[in-house]
Amino acid sequence: MIEVENLTKRFDGHVAVDNISFTIERGEIFGLLGPNGAGKTTTISMLATLLRPTSGTARVNGFDITTRAGEVRKSIGIVFQDQSLDEELTAYENMDFHGRLYRIPRNVRQQRISDLLSLVELADRKNSLVKTFSGGMRRRLEIARALLHEPKVFFLDEPTLGLDPQTRNHIWAYIERLNKEKGITIILTTHYMDEADRLCDRVAIIDRGSIIALDTPDKLKDEVGGDVVTLESRDTEGLYTQLRKAAWIEHIEQHDGVITLTLHNAERHIAEIVQLSTTNGIDIESISIHKPTLEDVFLRLTGRTIRVEEADIRDRMRMMHRLHRGGG
Amino acid sequence: MMDIVYTIWLRNMKRYLRSRSRMAGSLGMPLFFLLVLGFGLNSIVRIPGSKQDYMGFIVPGIIAMTVMFTSVFSGIQVIWDKQFGFLKETLVAPVSRLEIMFGQTLGGATIAFIQGFIILIISSFIGSGHHTTLQGLLIAAVFMMLIGLSFTAFGIAIASKMEDMHGFQLIMNFVIFPIFGLSGALFPINSLPAWLQSLTLGDPLTYGVEGIRYGLAGVSPINPFMGFMVMAGFTLAMVALGTVLFRQINL
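Chains as they are written, first to last, in numbering that gives the first Met the number 0: chain A, 0 to 327; chain B, 0 to 250.
Derived by calculation from the structure, the hints in this document are not laboratory data. Everything hinted at is true.
Computed beta-carbon distance windows for the label pairs:
{"#": "1", "chain 1": "B", "residue 1": "Ala23", "chain 2": "A", "residue 2": "Ile211", "range": "49 to 59 Å"}
{"#": "2", "chain 1": "A", "residue 1": "Asn5", "chain 2": "B", "residue 2": "Phe176", "range": "45 to 55 Å"}
{"#": "3", "chain 1": "A", "residue 1": "Ser133", "chain 2": "B", "residue 2": "Glu162", "range": "27 to 37 Å"}
In silico lysine-lysine, DSS-like type, Cα no more than 27 Å apart, as pairs:
{"#": "4", "chain 1": "B", "residue 1": "Lys81", "chain 2": "B", "residue 2": "Lys13"}
{"#": "5", "chain 1": "A", "residue 1": "Lys220", "chain 2": "A", "residue 2": "Lys179"}
{"#": "6", "chain 1": "A", "residue 1": "Lys73", "chain 2": "A", "residue 2": "Lys151"}
{"#": "7", "chain 1": "A", "residue 1": "Lys220", "chain 2": "A", "residue 2": "Lys290"}
{"#": "8", "chain 1": "A", "residue 1": "Lys125", "chain 2": "A", "residue 2": "Lys73"}
{"#": "9", "chain 1": "A", "residue 1": "Lys125", "chain 2": "B", "residue 2": "Lys13"}
{"#": "10", "chain 1": "A", "residue 1": "Lys151", "chain 2": "A", "residue 2": "Lys181"}
{"#": "11", "chain 1": "A", "residue 1": "Lys130", "chain 2": "B", "residue 2": "Lys13"}
{"#": "12", "chain 1": "A", "residue 1": "Lys220", "chain 2": "A", "residue 2": "Lys244"}
{"#": "13", "chain 1": "A", "residue 1": "Lys218", "chain 2": "A", "residue 2": "Lys290"}
{"#": "14", "chain 1": "A", "residue 1": "Lys125", "chain 2": "B", "residue 2": "Lys81"}
{"#": "15", "chain 1": "A", "residue 1": "Lys73", "chain 2": "B", "residue 2": "Lys81"}
{"#": "16", "chain 1": "A", "residue 1": "Lys130", "chain 2": "B", "residue 2": "Lys81"}
{"#": "17", "chain 1": "A", "residue 1": "Lys179", "chain 2": "A", "residue 2": "Lys218"}
{"#": "18", "chain 1": "A", "residue 1": "Lys244", "chain 2": "A", "residue 2": "Lys290"}
Okay, the calculated bits of chain A under chain B, using three or more residues with CB under 8 Å as the criterion:
{"#": "19", "region": "45 to 54"}
{"#": "20", "region": "78 to 89"}
{"#": "21", "region": "95 to 103"}
Every residue, glycine too, gets a C-beta built ideally from N, C-alpha and C.
With the hints as extra help, turn the sequences into a complete structure.
Right, here's the structure in full:
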C-alpha cells in the first residue's frame, strides 16, 4: 500500500529524514515510533505530498508522491499533529467544507457527514462552533473529517498528543474500529510507547532520521530478551561496577541515574542482586521487574530513553497553546 | 475550478457574517474619518473649481479606504490560517493552489465590497450631496470591486511571505497608510505641487478613488476609462503576484 524507497529530506544542511525505506501492507496499522525531532512528521509530510523529498521516493496506493501528487491526495486522509479546524465554523460546516473540497456530491456528502459524526459521537454537537469544543472533541472531529472522502490510507500524526488518558483510550478504540471494520491502512506516528504497542501491527523505531528497527511489537520486545529489572540507588556508579561482574546478567545499562538490567528468570536473581549490593555497602532505593516494553527496545538500541520528560514539557506547552487559541 | 473557488468563498462569507463585532469594528475608523473630517472641515475647506462641499468630496475617498483596508485585512487572514493550522487542511486537499488563491481573493473582495457599500449607504444619509445615477452607482461598484480584488490579492501576497503577525504593523505603517494617504481620497489631486502630484499618480489607489468619485459625483480629474484600465491592470498584477507567492508557501 505504501512503498518507501531511500526517502531523504534535508533542511539547510541538517538531515531530518535519512535514507529510509519500508513497505506497508494493505490493512495494516503501522507505527512510526521515536522521540520528538526524529523525523516522523517530516516523513508523513512527504508521504502526504506537503513536502518534496530531497531524494528518494515513495508510492502511496500505487501512486508516486512526486509525480502523481493529485492521485496520492485523493487516496489519503490525514490528521495533523496540530489542530487544523476552522474554529469559527460549526462541526458540520468543517465537514461540509472538506466534502466540497474533495468534490463529494451533495447527497452523498450529507449522508456521510451524519454517519461519521455519529461514529465519533458528535452528532448532537454538529451545529456547535468548534471553538466551544474540548481537545478530545476536536480530535474526534478531525478524524471524522479526514475519513469523509473514504481514503485508502489514513495518516495520524501523534493522534493522542496532549489528550487525557480516558480520551486517548477512546481515540484508540476508534482507530482500531476503523482498521477492522473498514479495512483502512493506517500509519501513525507517536512517541508514546503504549500507543504503538497497543495499536500497531508493526512498528518502525525511528531515531535521528533513520529507522533503527522494524518489526511487530512482540518481536521487538522479544529481542530484548527475558525480563527487565530497573534499579535506583544513590550510588549507581558503584552498583553498576559490581553488577557488571555477574554472569547471569545479559545486558546492563546505566542511564538517567538508573540502572536497567536484562536477564532471564529475574525473580530468582533478585535476591542475588540485593545480596551483592549489601555486601558492598550500597543501598538500593527501589527495584522493579517488568516484561520488556518498547521503551526498553529503544533504550537497548540507542542507549537513551525516548526523551519522555522533554516530550511532557512539549505536550504541556502545546496544551497551553491550544487553550490559548480556544479562548481567542 | 469554480466549485472549489465557491467553497473557499463560502467559508469566508460564513466567517464574515458570523463575526458581527469585527464587521462593526472595521466600519468604525472610516465612519470616524467621515464624521470628523467631513463635518469638521466642511465649513473651512472649499474644493477649488467645484461647487461640491468637502463632505461630498471625501465620501468616495472614505468608501475606497473602507474597501482597501478591509480587503488587505482579509488577505492577511491567510497568516491566521497558517498559524491556526487550517491552511494545511486546504493545502493537502486534491485542489490546486490557484483555486484556493482565487477563492480567497474573491471572498475577501466580496466582504470588502459589502463593507464599502455600507459606508456608501450611511454617507448618503449623512448627506453627501451627490445626485448619483444608477449608471454612476454601477461604475462606482466596478471600481470598488477592483480595489477589493487587487488589495485582497496584495494582502495574500504579503501573508504568503510572513511567518506571523509581527510584521503586520510595519506593513500597515509603511505600505498601507502611505498608499491611502497619497491617493486622492482626502484632497483634490490637481491642486497639488507637481512632485507630489506625480507621487499620487503613481499610486494605484488614486485611480480607484477617482473612479468611485466619477461614479458617485459625476466629475473627476482622471478619465474613468483610463482609471479603469489602470485599476484592471493593477488587479491582474496583484492577483498574479499573490498566486506566485501563495504557491511558494511551505508548511
